[in-house]
Structure formats: structure tokens, C-alpha cells
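Read top to bottom, the protein sequences are chains A and B.
Just add 36 to the spot in the first sequence (first one is 1) and you have my numbering.
Just add 24 to the spot in the second sequence (first one is 1) and you have my numbering.
Don't read these hints as lab results, they were simulated from the structure.
Where a beta carbon is used, it is the ideal one built from N, C-alpha and C, also for glycine.
Some clues are possibly wrong.
One side only, chain A facing chain B, incomplete, derived with CB under 7 Å [what the hints assert, rightly or not]:
hint, residue
1, 52
2, 206
3, 435
4, 437
Counterexamples of contact, computed for chain A against chain B with all Cβ distances above 12 Å [stated by the list, open to error]:
hint, residue
5, 46
6, 47
7, 63
8, 79
9, 90
10, 200
11, 258
12, 366
13, 381
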Amino acid sequence: VISGYVGIAPKGDLVLLQRLAKKLRGKRLLNVNSTRSGGGVAEILGRAMPIYHELGLDARWEVVKGDARFFETTKRLHNALQGKPQEITAQMWEHYLEVNAKNAGRLDLAADVVFVHDPQPAPLVRYRDGGKWVWRCHIDVSKPQPAAWERVEDICRNYDAAVFSVSKFARYLGLDQYVIRPSIDPLSEKNREMEPEEVKSTLERLGIPGDRPILLQVSRFDRFKDPVGVIRVFRMVRKYNRCILVLAGSSADDDPEGEAVLAEVREMADDDPDIYTLLLPPGSDREINALQRGATVILQKSLREGFGLTVAEAMWKGKPVIGGAVGGIPQQIVHGTTGFLVYSVEGAAFRVRQFLNNPEMGGRMGESGREHVRKNFLITRQVRDYLGIWYAMETGGAMLEV
Amino acid sequence: MAGGPSTFHFKESATILKATGRSARNLRELREGIGRAPEKSIFHHTYEYFLNDFVLQYTNDFARWAGEFLEERALAERLTSIDPYESGGIEGVRKAILDVIDRYMEEFPAPRDVFPENEFYFNENVVLVFPVGIRAENLAEFLMAIKYVDPASLYYHFYDARTRLGGELNDFSAWFADVLGKKELAERVGLIDPFVHDLERIRGLILREVEEEVRRDMEGQP
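Whenever a hint applies, use it, and build me the whole structure from the sequences.
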């Protein structure tokens, strides 16, 4: 597994992985989350587990089980921690704790380090059986609903440390708080290298013409991703430039708001033959890879964002990117070096026009972006960071010889 | 073979970010934050800035934030001119930064807030230092190695060394002078300006100096 990353990931990361693993060999690592598939957390855990095993670590991945009421509660909790007013009754809280208590009885929680992902399984820490416990929070809890936060804070004080994706997503818990940025896997179907013929044939299959520059945004049909704003950008750009716009997103079947946004997008597109709205089924990784590789300029004009890993995916393909300055996007786009950060439709349109009319600049920023991702946003760096935190917690100190 | 005492062992440092829980929305809050931040945080935002691969416009995170997000370019320029290696350690750097901000706030006393989400977050680092498994016994081997090592290794030996060895010394110059007896080469490498190049450019400049030295040795020139 690891040999696949040689020549792709920075050499130092691979050396450090091996050295940390040597120090931690034979010790037990446990990850706990709430789903085996679907969502970015499960995806990256699935790809990290073989790396842990090949490094000789006794790594396990457990998943908490719960009924519909449990997941309705955790969904509300998830929203409340991200600032949305939600009603969570005393009975719901009780059920949430009960389900975790049952899971604690069912799961083997004995390990030298336990990474508990997100709020769903957070109360498992009450049943800790030795080892270091780390709460890995993947969501932005900087402005939570106070009542929900109070409960979670009370639970999370029992951890030894917390990990957030970006400093600004964190909330002070009185623990050591680390920052581990999410990552992409360069060997996955969504990011693997692709021959130009495969890109071409995939785009043809999707009905995307290859005769004009392509502006692309890949994201759910969600107001925070501002797809309607992207259409306005396209209209401003097209005044002086021949190009097409592709908005590619996953199916909105289970999301009533998503359907409404999709309807707005279609209305705004108004049967414009140069606007391609693609509803891709889950698992369309190859199609997304080809679209990103076939694009001329890639946008992520979000108004609100989690980490926004689609930006790193686009940069990995060497493409010039333009992103809203929200969430984790400024971590990925170094303004003027690896792409442009924008604050408005007008700003985005201006930057697209610059890229379309100055391909050399786009190529240069695209290359810088790919290198920035190689150094900072690959899975090997993320696994390295988890092992590094574990080692730091075992040994103590801020400067460690490995 | 581990190599003898004269061997140069290339090392590298990797960093893992720790959040301090402190942030700033405007210059006044940044000033307060810098005044109270732990030394490790000041160290991270100044000395460790050179680990970035986009250093050219600024020389520390405070200057970058002032320039990019506060859009106070004159302040960014003044903060960029602070030399952390000549400021008398971390407390000296802290004082130098505070002096610049205080003077600026006398001229422009009404700081504006940045756009939401563009706040400055005070962080610090856990540093993991490790040998990368590459070593050099002589200048020719060094020449091969310097082409091959990661930029993070260059950071460790060229920048981080200054805080370990004190002053303007870097590990490469120390080895050239103390082990190989090549004081001139050490001086030439020591003269490479650490504030205006990214790590790849630094690699190129060191390479050029060492290549020139090896060529002279081979041709038997003084």
C-alpha cells in the first residue's frame, strides 16, 4: 500500500511514517465513528486503515449502532453544534447517552489510543478502558447553540485531547487541541492519474463538449455552495469569452432543500445550451476526476463551507482554482499563488476572465497548487499527523526526536 | 554504516499544529493576542513561517495577515522587515512586533475588522525531528544529497538551525567550516538571504555555491 505513494507523497512524510510506526509498533489504535460508508470521514478511514496495518500497527475501526431516534438526535446535535437552532428534548439526550452506553458494552474499547470521530459516539469516553482518548471533531463548532454545546463540552472534558480540521472550527475545551487538516488520497478513483483519452471519452459520455474552455464547479446543490451565483459569474465572463459552464453535483433525492436549489439553478440557467447541470449518482468518482481534469478553470464559490476538499482535488489536477474565502478554502488557496480567493460574483468573474485570457498564469498557479496539495493535503500527511499526535501524547513535549 | 563524527546527517522536521484558542479580528486584538500568546505561538508565527512554500511577500504570519486580510499594506511592510534572527530571541521578536504595531496604531488609531472567517488564529506547533536516512561524508556526496532532500530538510538545516546554533549560523555552513575546513564556502552560504527566497530557490543557491567549490577542488584551484 505504502509503496504506491513513493514518488507521489513527500519523501520525508513516508520516512516519518515508518519511524513513528517503529516507535508505536505492537500498540493498539482504535477509530470509532458512526458509519462504515458514506461521507468523508468513513471514506478517509477506509483508505487509512490499510496504511496503519502495513505499518505494523494493531489498528481497528469500530462503528456505533443506533436506532432511527438516535440518528435523528445526532443529526439535530450536528446541526446545533454548527449553529442552527434545534430542539433536542431531555428524552432525546437520555436516549443518546443510553445508545452510547449500549455500544460501550458491545464494543471492545481497549486500546492505547482511541480516536472518536464527531459527536455521535462522543459519550463512549465515559467507558474508557485505559489508553489515550482523542475527540476528532470534523465539524465547525466555533458558533454552536449554547445549550447543545454545554452538554457536549461536559462529555468532551473527559478526553485527553481534541482534534479539529482548522483552527477556526475549534472551540476551547480546556484540553490540548490539535489541528489536522483533512486530506485526499492521490491513489483513489477520484484523484488517480488519468490518460487524456479517458478524460475525453468520459466527458463525451456525459455530453460535455470539448471545443470550448470549461468552467466547472463540483458540489452538492446547496445554497451555501452558491450555484446560482456561479451562473451569474458565467454570464459575466461570457460577455467577452467563449466558454461553457458545468455544474456537477450529487443527487438531491433525500434532501428537500437540495431539490429546491436544483429547481432554482435550472430556472436561472433558463435552458441556456452552454450551461450543463449534471446530477451524478453517488460513487461517480471517475466522472468527477475526468471533469476536473477536463476543466479549464475550477470554482468553489461557497458562501459557507466545511473544509471544502473539492478545492484540493481540483488543485491536485493542476488546475487554476477560484474559491470563496470561507471555511477551509483559505487554507488551500494561497491568494495569488495557488489560485484566487473571492468575496463576490463580480470578483469571481474577474478572476475567471484573467485565467481564461492568461493561460500561462493559470498553468503556473495550477502547478503551485498541485505542489501545495502534495506537501499538505495528501493522506500520508494526515496519517503521519495522527501517529505524531499519538507519539507526542505518549512521550510529552513540544520538540520530539523520532 | 552510520557514518563517523565528520558525517553530515540530513534531518527533517515535521510540524503538527496546536490551536491556542485565541484569535483576533482587528489590529487591536492582534496586539493584545501577541502580548499574551505563549512563546511557542510567537515562535510558530515568525520563525516557522519559512516552512511555508509561499514566503516571498512576507516574512511572518502577522505581516501576511496584515497585508492579505487587514489590507494594511504599510503595516505589512514594516512587520515584514523584522528579522527574527537579530531580535534577541522570541521575546525580542515579540517586542519588535509590538513596537511596530504600537507606532502604526498611533498613526492610524481606528482599526477595522476583517471579513468574518478571516480572523487571525494563534497557533503553536509540536515538532517532530527525524533523520531522513541521507548522509554525506564529503562535499561531492553533499552535492548529490542536497539535490535530493525534501524542502523540509532544507528548512531544518538552513532556518531552524539559526535558533539552535544562535545568530546567523546554519548547519551547512557549520559543517563546511568546522568539519571540512572550508570557511569561505561557509561564509558564502551564510550570505544567502533567508528572507527573499522560497526553499527551492535556497536549494538552488546552495547547490550553485557547492558546485563551484567542488569544481575548484577538482581543478586544483585555490
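Status of the hints after comparison with the structure:
1. Taking 7 Å as the C-beta cut-off, the interface hint given for residue 52 of chain A holds, the closest approach to chain B being about 5 Å.
2. Given hint, residue 206 of chain A at the interface with chain B, holds; its Cβ is 5 Å from that chain's nearest Cβ, closer than 7 Å.
3. The beta carbon of residue 435 of chain A comes within 5 Å of a beta carbon in chain B, closer than 7 Å, and the hint placing it at the interface holds.
4. Interface hint status for residue 437 of chain A: upheld, as the beta-carbon distance to the closest one in chain B is roughly 5 Å, under 7 Å.
5. Not every Cβ of chain B is farther than 12 Å from the Cβ of residue 46 of chain A; the closest lies at roughly 5 Å, contradicting the non-interface assignment.
6. At roughly 5 Å, the least C-beta separation between residue 47 of chain A and chain B is not larger than 12 Å, which violates its mark as non-interface.
7. At roughly 17 Å, the least C-beta separation between residue 63 of chain A and chain B is larger than 12 Å, which holds for a residue marked as non-interface.
8. Consistency note on residue 79 of chain A: stated as away from chain B, and its beta-carbon is indeed over 12 Å from all of that chain's, at 22 Å minimum.
9. With a closest Cβ-Cβ approach of about 19 Å to chain B, residue 90 of chain A is found to remain outside the 12 Å limit, as its non-interface label requires.
10. Remark: the non-interface label on residue 200 of chain A conflicts with the geometry, its nearest Cβ contact in chain B lying 7 Å away (cut-off 12 Å).
11. Even its closest Cβ contact with chain B, about 18 Å, leaves residue 258 of chain A beyond 12 Å, as expected for a residue assigned away from the interface.
12. The non-interface label for residue 366 of chain A is inconsistent with chain B: the shortest C-beta to C-beta separation is roughly 7 Å, within 12 Å.
13. A cut-off of 12 Å between C-beta atoms confirms that residue 381 of chain A is not in contact with chain B; the least separation is 16 Å.
Against the hints set out earlier in the document, violations occur for numbers 5, 6, 10 and 12.
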